[in-house]
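Trainee: One letter stands for each residue in the lines below.
Protein chains: 2
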Amino acid sequence: MATAKGYAAESADSKLAPISFERREPRPDDVSIEIDYCGVCHTDIHFAQNDWGVTQFPVIPGHEIIGRVTAVGSDVTDYKVGDTVGVGCMVDSCRSCSACESGLEQYCLEGMTATYNGEDRYDGSITYGGYSDRVVVSERFVVKVPEKLDPASAAPILCAGITTYSPLRHYGVRPGDKVGVIGMGGLGHMGVKFAKALGAEVTIFTRSESKVAEAKKQGADHVVVSTDDSQMEAAAESFDFMLDTVPVQHDLNPYLNCLTFDGTHILVGLLEPVDPPLEAGGLVFKRRVLAGSLIGGMPETQEVLDFCADHGITCDVEMLDIKNINEAYERMKKGDVKYRFVIDMKTLKAA
Amino acid sequence: MATAKGYAAESADSKLAPISFERREPRPDDVSIEIDYCGVCHTDIHFAQNDWGVTQFPVIPGHEIIGRVTAVGSDVTDYKVGDTVGVGCMVDSCRSCSACESGLEQYCLEGMTATYNGEDRYDGSITYGGYSDRVVVSERFVVKVPEKLDPASAAPILCAGITTYSPLRHYGVRPGDKVGVIGMGGLGHMGVKFAKALGAEVTIFTRSESKVAEAKKQGADHVVVSTDDSQMEAAAESFDFMLDTVPVQHDLNPYLNCLTFDGTHILVGLLEPVDPPLEAGGLVFKRRVLAGSLIGGMPETQEVLDFCADHGITCDVEMLDIKNINEAYERMKKGDVKYRFVIDMKTLKAA
Chain A
302 MATAKGYAAE SADSKLAPIS FERREPRPDD VSIEIDYCGV CHTDIHFAQN
352 DWGVTQFPVI PGHEIIGRVT AVGSDVTDYK VGDTVGVGCM VDSCRSCSAC
402 ESGLEQYCLE GMTATYNGED RYDGSITYGG YSDRVVVSER FVVKVPEKLD
452 PASAAPILCA GITTYSPLRH YGVRPGDKVG VIGMGGLGHM GVKFAKALGA
502 EVTIFTRSES KVAEAKKQGA DHVVVSTDDS QMEAAAESFD FMLDTVPVQH
552 DLNPYLNCLT FDGTHILVGL LEPVDPPLEA GGLVFKRRVL AGSLIGGMPE
602 TQEVLDFCAD HGITCDVEML DIKNINEAYE RMKKGDVKYR FVIDMKTLKA
652 A
Chain B
302 MATAKGYAAE SADSKLAPIS FERREPRPDD VSIEIDYCGV CHTDIHFAQN
352 DWGVTQFPVI PGHEIIGRVT AVGSDVTDYK VGDTVGVGCM VDSCRSCSAC
402 ESGLEQYCLE GMTATYNGED RYDGSITYGG YSDRVVVSER FVVKVPEKLD
452 PASAAPILCA GITTYSPLRH YGVRPGDKVG VIGMGGLGHM GVKFAKALGA
502 EVTIFTRSES KVAEAKKQGA DHVVVSTDDS QMEAAAESFD FMLDTVPVQH
552 DLNPYLNCLT FDGTHILVGL LEPVDPPLEA GGLVFKRRVL AGSLIGGMPE
602 TQEVLDFCAD HGITCDVEML DIKNINEAYE RMKKGDVKYR FVIDMKTLKA
652 A
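One line per chain: the protein sequences are A and B, in this order. If you use the numbering used here, the first sequence corresponds to residues 302 to 652, in order. If you use the numbering used here, the second sequence corresponds to residues 302 to 652, in order.
Treat the hints with care, as some may be off.
Copies of the same chain look alike in the list, so a pair counts if it fits in one copy or across any two.
What the hints assert, rightly or not - List of simulated lysine to any residue pairs, SDA-like, C-alpha gap at most 25 Å:
hint, residue 1, residue 2
1, K381, G500
2, K639, L410
3, K445, K517
4, K306, Y472
5, K512, A652
6, K449, G383
7, K449, V370
8, K639, H551
9, K445, V547
10, K634, F586
11, K634, E580
12, K634, H343
13, K381, E448
14, K635, W353
15, K635, G582
16, K316, A498
17, K650, A372
18, K639, E323
19, K306, H471
20, K634, G383
21, K517, A610
These are computed hints drawn from the structure, not numbers from a lab.
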């Protein structure tokens, strides 16, 4: 065991504060990593606040981890000391079910082990995330960060990036497709970059006229203000895909109506009951599809990093001193970040 | 114009009764058909009662039509007098949009012309359905009935059959797949036959223990009583496809939970808002798909008739004297038919 330093929430009401804790002993297939950067995902806030009632305190959030390899176990073949690597939303799975064998560990039939607030499959200990100085992860759940990528702005690719990249690839988005992206946060702005890089004609749907200029700046070919009925009518039945990154309840029906027949509405943010109710007729009469998608598997997480390097894609980030994590959470709740906070872990030493 | 005889509802409250009406003059691409049989679909009841508020009275229902060709227009190439043919749910479409060009006329971007209560694209007249002695239809919307098929029991293939066949084919159901069929009416019992013929392992989901024996008789490999929590738990995460034929509001979430990751829940009956609300997490966490599907295109409607002939599949029907159509509607509302009424149109002459 090695003593590590991190930032934790001790209860649903407490602010995050420095903590010392023990990282587990490395196993033969483990990579030990010194963390340089960690992105801040909205999910971190949900766990810190115990919004879903499943948090085990203290919780050390963070699942967009970039760092350098400091040691490797005797069975490790793909990594060596000094490599720049990433760790995303999961650190283990059963590795033998049909999902794991397909490289879709996020859908592991026995359940994946989350990077934080998960339960270690060997010793039952609770996993701790990337708001810390080091982490120990089995090499199957580590990815290589291409040299061409800026490590800090690559961090959010490990969650916000893969979450939007995976469904666009799974559903085969290709040149000429018309893709709508709903929501312009950490996920949405990455979705726009990926859809553009895949050759699609991309439209951002935003609720506010005031965000149109910013949406265009993000590379969207078109912007639809979704609160303007005439714009929504003009957009009817014209999209092949809608990438819906909105994490709170919203009316899906006007967006479904924007899909052409055989179009697909992909949910990557919403986890709650659909309210207002979904109109089944909107699916049936046009053979439309409502699909969900969760992050991505390990091969695809490596693929998205390589894709980003090849296409010059990074996340737009605001660097954060870990001392300011609580203020950052407050800003995120107001949507006040373009588009992802990334903690510079050097600031943890001073904290 | 030719005077025809039929059965019509004159208002939402009236019973169906005999009517004389004019069939339109045949055009060069038209096939004139003397109707032998017409299946009775639940949709007929909805239109007769004006449940959807769109009925134009008098309405002559019926879109599962089997008959013999009595005349063909000068441009008709595929049919000749004496052929046994079928007409399903649509009689026209724009014929030039991307959907029509793909043989998916039911999703015509300009809207298909329904077999009854539709508006003729040339003269604006209202279309009348198959509860009548004759019909005039453009050859593109006519299908050949293979000799091997019994014409009477083939009638419901034109709606109940194609509606269940089309999505099973579209989603590529194949040997080894596990398919659940929800609902055991006209659509459900055809879905079971098709899924079995495609090589799937088929489970019928029924709400009532009393229907288990009948479900087995229908060819299901397994039966799950959906009101039994322990049976539903045992079925969790094990199906590749669920074919949901239930036409009234029902809780989709327990069925979604029966899908494995990447599984697809296909709605072919439900047109109303989904209530209780759909749990978005049930889609996202397992990359599941909720899809809709509407009847089938013309090439596929021909395909399903040929498939039925090749596989010895027909609909289980109860022959009906058209005089008893109102009683049949009452029985259908109670689910009291195995599994489709088919009107013997000879009885119309006596009516």
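Trainee: Next, verify each hint and record whether it holds.
Mentor: Here's how the hints hold up against the structure:
no., hint, verdict
1, K381 with G500, "neither (36 Å within a copy, 49 Å between copies)"
2, K639 with L410, "neither (36 Å within a copy, 39 Å between copies)"
3, K445 with K517, "neither (32 Å within a copy, 53 Å between copies)"
4, K306 with Y472, "neither (41 Å within a copy, 51 Å between copies)"
5, K512 with A652, "neither (36 Å within a copy, 68 Å between copies)"
6, K449 with G383, "within (16 Å within a copy, 73 Å between copies)"
7, K449 with V370, "within (18 Å within a copy, 70 Å between copies)"
8, K639 with H551, "within (22 Å within a copy, 42 Å between copies)"
9, K445 with V547, "neither (29 Å within a copy, 49 Å between copies)"
10, K634 with F586, "between (38 Å within a copy, 24 Å between copies)"
11, K634 with E580, "between (30 Å within a copy, 23 Å between copies)"
12, K634 with H343, "within (8 Å within a copy, 49 Å between copies)"
13, K381 with E448, "within (15 Å within a copy, 71 Å between copies)"
14, K635 with W353, "within (20 Å within a copy, 43 Å between copies)"
15, K635 with G582, "between (35 Å within a copy, 24 Å between copies)"
16, K316 with A498, "neither (39 Å within a copy, 61 Å between copies)"
17, K650 with A372, "within (20 Å within a copy, 90 Å between copies)"
18, K639 with E323, "neither (34 Å within a copy, 67 Å between copies)"
19, K306 with H471, "neither (38 Å within a copy, 54 Å between copies)"
20, K634 with G383, "neither (36 Å within a copy, 72 Å between copies)"
21, K517 with A610, "within (23 Å within a copy, 56 Å between copies)"
The structure is inconsistent with the numbered hints 1, 2, 3, 4, 5, 9, 16, 18, 19 and 20, although it conforms to all the rest.
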